Amino acid sequence: MDPQLVTDLVVHTILIVIVATLLMGGFAAMTVVERKLLGRFTLRYGPNRVGKFGTLQVIADMFKMFFKEEVVPDHVDRAIYLMAPGMALVPAMLAFAVVPIAQAPFVLPFEVFGYTITVNPWIADINVGVLYILAIGSLGTYGVVLGGWSSNNKYSLLGGLRTSAQMLSYELPMGVALLGVIMLAGSLQLTQIVDFQNAWLGLRWFILFQPIAFIIFYICSLAEAGRAPFDLPETENELIAGFATEYGAMKFGLFFGAEYIHMIVVSFIMATLFLGGWSGPFATQVPLLGIVYLLLKVGFILFTMIWVRASTPRVRFDKLMKFNWKFLLPLSIANAAVTALVAGVIFF
Amino acid sequence: MTNFLEKLNAKIPSAVTERTEFRGDETLTVDAAHLHDVARFLRDDETSQFNLLVDVYGTDRAKLGQSPRFAVNYELYSIPHNRFLRLVTAAPEPEDSSRDALPALPTVTDLWPTADWLERETYDLMGINFMGHPNMRRIMMPDNWVGHPLRKDYPLGGEPVYFEHDRNNPRFAHLGKPIMFGPSFETELPEEMDTEGNMVINLGPHHPATHGVLRLATELDGEVVVRVGPEVGYLHSGFEKTGENVRYEQFIPYCDRMDYASPMANNYAFVSTVEKLMQVDIPEHVQYARTILVELQRLGSHLIWLGTHAMDVSGTAHAISQYTFQMRERILDIFEMVCGARMTTSYFSVGGLRWPLPGAFDAAVRAFLKESEVHMQDFEDLLTRNPLWLSRTKGIGILKADDAIALGVTGPLLRAAGVPLDLRKVRPYLAYADLDFEIPTATEADTYARYTVRVAEMRQSLRIIQQALDKIKPGPHRTANRKVALPPREEISTSMESLIHHFKLVTEGYRPPEGQVYHVHENPKGWLGFGLLSDGTAKPHRLRVRGPSFVNLQATDLMARGGYIADLITVIGSIDIVLGEVDR
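Sequences listed follow chains A and B, in order.
The opening position of the first sequence corresponds to residue 1 in the working numbering, with each subsequent residue numbered one higher.
The opening position of the second sequence corresponds to residue 1001 in the working numbering, with each subsequent residue numbered one higher.
In case anyone wonders, no lab produced these hints; they're calculated from the structure.
Nothing here was measured: the structure is a model prediction, and the numbers come from that model.
Honestly, I wouldn't trust all of these hints.
[Claimed, not checked] Simulated coverage check for chain A against chain B, where a stretch passes if three residues somewhere in it have a Cβ under 8 Å from a Cβ of chain B: (1) 151–158; (2) 228–238; (3) 251–265; (4) 303–316.
[Claimed, not checked] Rough simulated footprint, nothing fancy, chain A against chain B, three-plus residues with beta-carbon under 8 Å: (5) 1034–1040; (6) 1102–1111; (7) 1480–1489.
Just so it is clear, CB atoms sit at the ideal spot from N, CA and C, and this is done for glycine as well.
Okay, chain B solo, but in the shape it has when bound (with noise of 0.2 Å):
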């Protein structure tokens, strides 16, 4: 197990100065100085062999009593071995006191591409530079934001909000007045941009294709995509920030929200978080019902996907993107049927399940296998075989396997290059390991090839279904556990101590263990990840969230390129991004 460990002392002594292991969670503590080579190492030896950054996010630790104060945490996943790994690395403090100096580590783009964006971010909300990064700038915040907000001392409300369209901004002071006398500003372009030779043309952020606001300037030479810069941040609403000053209990809400098109599987993700930092024991019945949620939920996720795909592809009268919403909308009524919402479900609590399944459930849930094999049937005569289809498809947007790993991206688009990573196969958990499904994969990496493996794992997804229906058996629906779940209405009225931790619970909340987890799920566009770092308090101290759209879209420029205009179109809706969940 530590045989690469062993290896990377004896070459380069004293880079790591501490391994430790908490709640199966591997972590390194790495010298500063030696970062770099460590990570090298780790992703070139063959006994590690660390191919994919998974995430990159500073935490703040100054109420930890810990200095330096702040550190960069990378965590990596090795697909040969099926490994993660943490590497904790403590920036050092900067040498002028002044209040602009940052603390600053050596990048890692150069080894991993994917940490471009991730350190960029990490920049941004919580101020750490990276030395050598090709474009350190701020991602998420405007350009003239002061102040980092991820940071513990940032203040809280009530400071001063530095729009760019302020109204006291005199370049905005034709707003109010005729469109007509309205002059256009200058935009920021990517540097190597050239805007004399080639025409650049700004799709979005509003633009129909983009999904949200999702703004790509695109440099084009005739119809031809030279490059696209993506520019994210025009939804960034603070999650993190959010997460760490509210209960634990209190984030699943804003789960949902991340993103919408799956918000079962983000309350799975972080409540099994949560989960794995309290040890909390689940009853088998309740993993049974999250697994048939979880995959309804990536159904309904997918059925998004191709209506809006076949849509971007095919203009906004074809008939395809209202069917696949007929058969979601079944999906939102049983959701709706299990929690009362249809989109923000909330319906996972850490130990178990908010409520008990209702007693309709399995009924509604096989009416709606029999009825999604005809819808499935329906989609795949319409597109499958269609010779525009496979045109507008085929060939078109390849990202390769090891480019996808390079760049972190995850799910669907990386099964799609024939890398067969699936975590419910690889790392099983809830009720995976006692059901039988297959990780559909494909080689050519085209859009087409991203087709065919979310179809078919949509009606992998019904199998696991069907098989979890027919193996659920009645149980409690939480946890016994009552420092963590509440304990049920009757037993309040008869137990004071029942009493006394339903109170605890409802106006404290439950206080994990000091430590820190990071743990993944998969997700239907990709793996979600969620980091806690835990002080011991009812408010997680630093809360970590990796959205697999925010990742996988930094792949667009790659796959773009060399394309036409109507090309970039599919590749966005191939690579099924969710704008909440990109800019969280």
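Here chain A stands alone, though its shape is the one from the complex (with noise of 0.2 Å):
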């Protein structure tokens, strides 16, 4: 076997273990972070009581979810509502695969077992990562209709309902969106995506050609990750968190895991798409300069996700599909025709 696949292997292998758990580790950031700003916007403190400023609180959670009893109701679709919420979360991570936090691979300096172990800053830059996003992200909408459905509850059956529909009709506009962004760049990978981006001191992004585009990606984003004002799968006052209501302990974390994981994901993606990704002032020269460069793109992108939870009232079921098929649907087309003819007038 050849030994440098094998290294590959297992470098990926481990690259891959590492960022898993980093975004675990990102969603219990960000179940703090959330609730400290959901409480300074809303007049209160937020969790302070464990560690300080409450930042031990996830720890407290993470406690109670796994030792909380594991309850499996009666009249549930066994197999089925167990799987789902592994099935909501796996796909939010999935995403992350084709994100690239930094230019160029990395050489270790030193040498392991006599190789030279070569870290990619990415764990699959495949060339239709656009397409692989997409198609990952709608996989994601299974775990939650799925859940809805074998909890064998009205309510959750509506949230599912809603989930199915509103999940994929917003998978439309957003890849229709992202046409122009394919357009300029000339390519779905990632990287090349970024690496266009990376001119005029790195701040060549998509969003100043693209400004259309990165607001619907955006509102679709908040769609796809069930986040405020469109959490209709879970709409609380309405229907008991929806697909959630017959799950507990740790199986309710998972669904909570993989919408702020898909959260986290998105921004990302949005980050990498419209904002630069990793690309800056003197990002190229610095590549730790643009780690820190893109999570504070992305944590900007999580921070306005918050916000706009807690000032805005949430969009009804009907409205949020005709806000999408009548406006933001023609809208992306047009974005996309325009890109189109401008982009054609330019370079030919």
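Make the complex out of the two chains shown on their own, each in a separate frame, by following the hints.
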């Protein structure tokens, strides 16, 4: 067997474990950050009992989730019911695989067992990266839909139905909005898209050329992640947490985690596609700076997502669909058409 | 004034057997056989036009020595003529003398749909049957309850309580066993519901958007609401029965606990009813102090409504609920300063205020007024022109003026339908006549109209408080009538008579004259009515509470039909109910 292949496999596996762990850590951090920020937005303190400024609240919550009794109601479809939280969580994580966090592969300064180890700042740099993101994004719907269906509860069923309609239909404008970016970058590969943006001192971001696409993508991301004001699958005041009504303990924790990881990953993707990813002043020279830039951009997007949650009323289900089909989709198509025309005139 | 009466007598002779007037309340005693005709005449004739049925309640007159034993009182109000009228109809004794036979009267639900729940309540608690009522079931007590609690011969205390969840009931033997083996039971649904073709979902009694223990059996076609069957009574605590067994003064703390979002206003409504019965003169200082406090309470109640309503529409993370509660905190701080309690104030007593206003009251209220301007602007900035808020509230839950009046709906809901009916303006009381304020109305009759009306009302309340603060003069905090209000402490040391008054008031309470009064106050949520039937003792013979939430809640079905399930939640929020008052 080719020894290089073996090292690659080992390195990749380690990388995947690290990324998955970091994402789980990000989810844990987000639960506190969100509550802390929501607290501030709503004139409260947020968690502040466990640890300094409530930082250890994460651990307390994890303990709580893990040690709660795993109740499986009698009336559920047991196999699907147990499978659904995992089906929601995994696709949310998978999309992260194609996000580059720095420009070039990093060669370890020492040899391991006589091999030179190259660490990529991405897990997979596939040439259909954008398509992959869209494909994986729609897979995440299954977990929620099946969770709602298998719970055998009217509230959950309504929540699941809403999810299937909402998440699938928001895929469309999302994909069409990305057409503009793809056309300008001339590639579906995320590394190349970022490379395109890494000009003009690393500030040639797509948000400058594609502001409408960015807004559409942002709205659709909220809808896909099930965040307010599009949190219709849950709607605690109408459907009492919707698809998650019958879930408790860590099963609920996984759904919860899926939502947050979805949110984080989508922020990474948004930062990569529209805000230049790791690019920024001197990010090429100092790769570490690129990671900092990326995290700052992601942090900002996450902050706005929480901000939106604290300040907008929820959209009604039918209006949400109308907004999507009658406004967002035509707008994104128009955006793509105009981009195609302008780009065609300039480049050819 | 009485020309409709002449017309009525000419048209239906011998229907009205007696006409009395007591404390300004006009009462017609109507023969049971002609009740329905008289009611129809009074509603439709242009000289009377009593289009609003305020209340229906029964009285048990056995101990008053009147026969027949039961009578039903219909409190009517004519919006065009601004006039109240009470119809009293004695319910004929049932012919067969078996224990279960009930006296019966014809229903008036076909004339005033609001009578639906009011008659059900009368049936449930007083045991009077209404012939032709579409749904004559118990409303407050469980369906298997024995007896009618408001009857005077109903035992007090020590009676066996029949709960459905009885420990010996084999149906509930599963309680205490693991949850997965718990079978679910058929719940009672309104008969017309199509459980086969559509999905029936139970919102409540434990549901975050019902603001308490309200059950809404909702028939859904997809996400569209086909019909809603509100089910109340989960919180029934028998306030009326309690009130008939405590002295007048002792009932004041109970008022706090009905609509716990507006205790001051409830206190005032009850206290003013007793004052009307006893004809107590209230000093001007007290009138102004009460005006300020009642208006502060109106603000407080509307603030709770705004916060929770926005939360119903937006989700619990929305910031506005905390902002409104912050402003309400200031009001509660003022209440705490005034009387020591924040929510259960019991500050008004018959004849005045329980204690004089504290010295810092004026400064505190002025400081509150100053900062509330900023708050009000914040709320409006967040919602009034927010497109999402508009899309969630405009055209949702429409309740037209005609339907609202027929359903007995009062308060901001009626004003949002374009009817400028506000007792503070049409029959000024307290200090309202001297103050300059407007009655905000809207014509759209939808949820957004109710929002704008309530927000405008909050601004008007601020105006009223400002003016009242400028006009209030120092003075005695109680009436000088020693038969009602306690004498000052200093006087007791020097005057034997005062000591006797004090002793009598504390040990026996006051004894209002015999008679029946009904008084309505414009509460933040609508008309809060108190009916008192006095037999000359220190305890009311009959105490009736008309909760605005209870009556307004009946409109849910009409408002939610054809909307989405999300709109049902919005509608519930925009009615602004407090379950403590719905069930009493």
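For each hint given before, does the structure comply? Return the numbers of the non-compliant ones in rising order.
Result: hints 3, 5, 6, 7 break, sorted rising.
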